[in-house]
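Got chain A; can you put chain B on it based on the hints?
One-letter residues, chain by chain:
There are 2 protein chains.
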Amino acid sequence: MAIAYDSRLGIGAAPNEWEQEILNQFSGQKVQIWPDISNPEDVEYLILWNTIHDPWVDYPNLKAMLSLSAGVEQLLRDPNIPTDVPLIRMIDISLSVGMAEYVMGAVMRIHLGHHFYSEQKAKHEWGFGQLDLKLAKDRTIGIMGAGELGQASGEMLASAGFRIQYWSRSRKEFDYATSYAGDGELKTFLASTDILVVLVPLTADTTDMINVDFLKMLPKGASVINVARGRIIKDEDLLACLDDGHIEQVILDVFRKEPLPAEHAFWVHPRVFMTPHISSITRAETAVPTIRSHIKAFENGHVPKGLVDRTRGY
Amino acid sequence: MAIAYDSRLGIGAAPNEWEQEILNQFSGQKVQIWPDISNPEDVEYLILWNTIHDPWVDYPNLKAMLSLSAGVEQLLRDPNIPTDVPLIRMIDISLSVGMAEYVMGAVMRIHLGHHFYSEQKAKHEWGFGQLDLKLAKDRTIGIMGAGELGQASGEMLASAGFRIQYWSRSRKEFDYATSYAGDGELKTFLASTDILVVLVPLTADTTDMINVDFLKMLPKGASVINVARGRIIKDEDLLACLDDGHIEQVILDVFRKEPLPAEHAFWVHPRVFMTPHISSITRAETAVPTIRSHIKAFENGHVPKGLVDRTRGY
Numbered sequence: 013m014a015i016a017y018d019s020r021l022g023i024g025a026a027p028n029e030w031e032q033e034i035l036n037q038f039s040g041q042k043v044q045i046w047p048d049i050s051n052p053e054d055v056e057y058l059i060l061w062n063t064i065h066d067p068w069v070d071y072p073n074l075k076a077m078l079s080l081s082a083g084v085e086q087l088l089r090d091p092n093i094p095t096d097v098p099l100i101r102m103i104d105i106s107l108s109v110g111m112a113e114y115v116m117g118a119v120m121r122i123h124l125g126h127h128f129y130s131e132q133k134a135k136h137e138w139g140f141g142q143l144d145l146k147l148a149k150d151r152t153i154g155i156m157g158a159g160e161l162g163q164a165s166g167e168m169l170a171s172a173g174f175r176i177q178y179w180s181r182s183r184k185e186f187d188y189a190t191s192y193a194g195d196g197e198l199k200t201f202l203a204s205t206d207i208l209v210v211l212v213p214l215t216a217d218t219t220d221m222i223n224v225d226f227l228k229m230l231p232k233g234a235s236v237i238n239v240a241r242g243r244i245i246k247d248e249d250l251l252a253c254l255d256d257g258h259i260e261q262v263i264l265d266v267f268r269k270e271p272l273p274a275e276h277a278f279w280v281h282p283r284v285f286m287t288p289h290i291s292s293i294t295r296a297e298t299a300v301p302t303i304r305s306h307i308k309a310f311e312n313g314h315v316p317k318g319l320v321d322r323t324r325g326y
Numbered sequence: 013m014a015i016a017y018d019s020r021l022g023i024g025a026a027p028n029e030w031e032q033e034i035l036n037q038f039s040g041q042k043v044q045i046w047p048d049i050s051n052p053e054d055v056e057y058l059i060l061w062n063t064i065h066d067p068w069v070d071y072p073n074l075k076a077m078l079s080l081s082a083g084v085e086q087l088l089r090d091p092n093i094p095t096d097v098p099l100i101r102m103i104d105i106s107l108s109v110g111m112a113e114y115v116m117g118a119v120m121r122i123h124l125g126h127h128f129y130s131e132q133k134a135k136h137e138w139g140f141g142q143l144d145l146k147l148a149k150d151r152t153i154g155i156m157g158a159g160e161l162g163q164a165s166g167e168m169l170a171s172a173g174f175r176i177q178y179w180s181r182s183r184k185e186f187d188y189a190t191s192y193a194g195d196g197e198l199k200t201f202l203a204s205t206d207i208l209v210v211l212v213p214l215t216a217d218t219t220d221m222i223n224v225d226f227l228k229m230l231p232k233g234a235s236v237i238n239v240a241r242g243r244i245i246k247d248e249d250l251l252a253c254l255d256d257g258h259i260e261q262v263i264l265d266v267f268r269k270e271p272l273p274a275e276h277a278f279w280v281h282p283r284v285f286m287t288p289h290i291s292s293i294t295r296a297e298t299a300v301p302t303i304r305s306h307i308k309a310f311e312n313g314h315v316p317k318g319l320v321d322r323t324r325g326y
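Keeping their order, the protein sequence lines are chains A and B. Here the working numbering is used: the first residue of the first sequence is 13, the next is one more, and so on. Here the working numbering is used: the first residue of the second sequence is 13, the next is one more, and so on.
Isolated chain A (complex conformation) (with noise of 0.2 Å):
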């Protein structure tokens, strides 16, 4: 069994880490790590990114290739990526785990007026009984994609007493929460939300989806995160929506382009708050050993959690 490592274009964050979590994981093993890859002929299983910098290496004995990110889309769209080798995304327990918290913070911040409280602080002023305070009983929260993330973090929100609803494509069963599907449930879905998680994978149904159109079928005063990928959100629509009042506040930790250049209106929006793209961050301490244990499903046989369907796009 012989593994090698691309870690172009991978995290920018600590990438010797990941090497030698690698190289600990698969001690014993064959392991090239790029750029030292001299016998690309030899490796069966790829680790990589969601992306890889030309020029592709040909690895012609290809077993699968494994992904350390939960979205894949670059790598769907890359033509140099061969496409009859199974591709295998991360869902990985620290990456649902930190997806969960981090909906869990933004879902808080709103919740709790902490923006406003904030600028009540900048003024110098009180602000005792300014604010409708609901309890998190009385306050929807509607998750779009209903995948491993979303499941995660609606069940931490419905343990901390939110009302969970879902949308995704096709139907699902929660105990502790509603499920809407298909465009035809749309509507229904975003008008009783009063705070939207996004977390529908970026694929071409996707792309663009959240314009103002759709906007407008959010309640007025609702709120919205977006924790998938940037282009799902038209970014000149939510702004404008903003803007009118129509939409509260806005929290992103993705990007049509990230790092999020220096122009951008999300820079100085008072009722944007943002981060750098660190809503889920994929672990080595937990991914390495899921990867291993893919591998490990592969060579008994198994095609591990996670296989790509690329007609459907993740």
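These are calculated hints, taken from the structure and not from any lab test. A couple of the hints might just be wrong.
[What the hints assert, rightly or not] Simulated coverage check for chain B against chain A, where a stretch passes if three residues somewhere in it have a Cβ under 8 Å from a Cβ of chain A: (1) 106-118; (2) 144-154; (3) 165-174; (4) 288-299.
Yeah, the Cβ is synthetic: ideal placement off N, Cα and C, and Gly gets one too.
For chain B alone, kept in the frame of chain A given last:
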């Protein structure tokens, strides 16, 4: 059964809502509402807040006093308040739920580095990879006070994955948390706390308890959330520990004097986030039914939960 509601120095918001809810819940009963208390000798049950302005009306035939506030320290210090009449403090479901939500939001704000990312945004800096983003499982929340509010908060935090430890006067049993008790275990409790949540009642023992010696027992980089009473913390000591870098973030909902005086350093300190005593708002819709069940308990010869021990101070 005759009831009076003396709303003097109650919460500022929506006083009519409270009178209306009390009249609704006790319809058919004899209810006098301050200032229209023409027959104080008729009153058996007095509903009040945490303090009463002079002059105290003499109610010679009280069976019980029922506070709408969880904290009763001002009533206990008031020389006019009769000491031979049972005093019940508010233990209300929406109060603990609201507190738990507030504490969750405050802990998440610190845990996820919201302050850091706000500063990055103000500086137009992307800031990826600059913060050590731990998971909740690697963060210990130390809760001082293991009463109703502390337990509701700790349970919600535990369900979000945080490590929870309590410190209280006497040892308690929790399946989700460690219990430290008494002065002898305070140091161990503090040394292993990343984020301290203050939820002890204000008593002679806890007044000024959080001073520089106390704060230095926390590890460097710890953060402090006070949702109990302002007089538990020595403000100048807390500010000194913020400024020498020992304490990282402070979130305050309560202050020695409220509203916080205009000249106070908290207003302008960048690492202090504050709210105007809103962490657990008593809500008429749930608190008045609680009072009604307390009165029913008295009428049936029982003592309701929340009976204040005047020696202990809560």
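Now the hints, each set against the structure:
1. 106-118: The restraint on the segment 106-118 of chain B holds, since 8 of its residues have a Cβ under 8 Å from chain A and three suffice.
2. 144-154: holds (count 4)
3. 165-174: holds (count 4)
4. 288-299: Our answer is that it holds, as 5 residues pass the Cβ test (under 8 Å) against chain A, meeting three.
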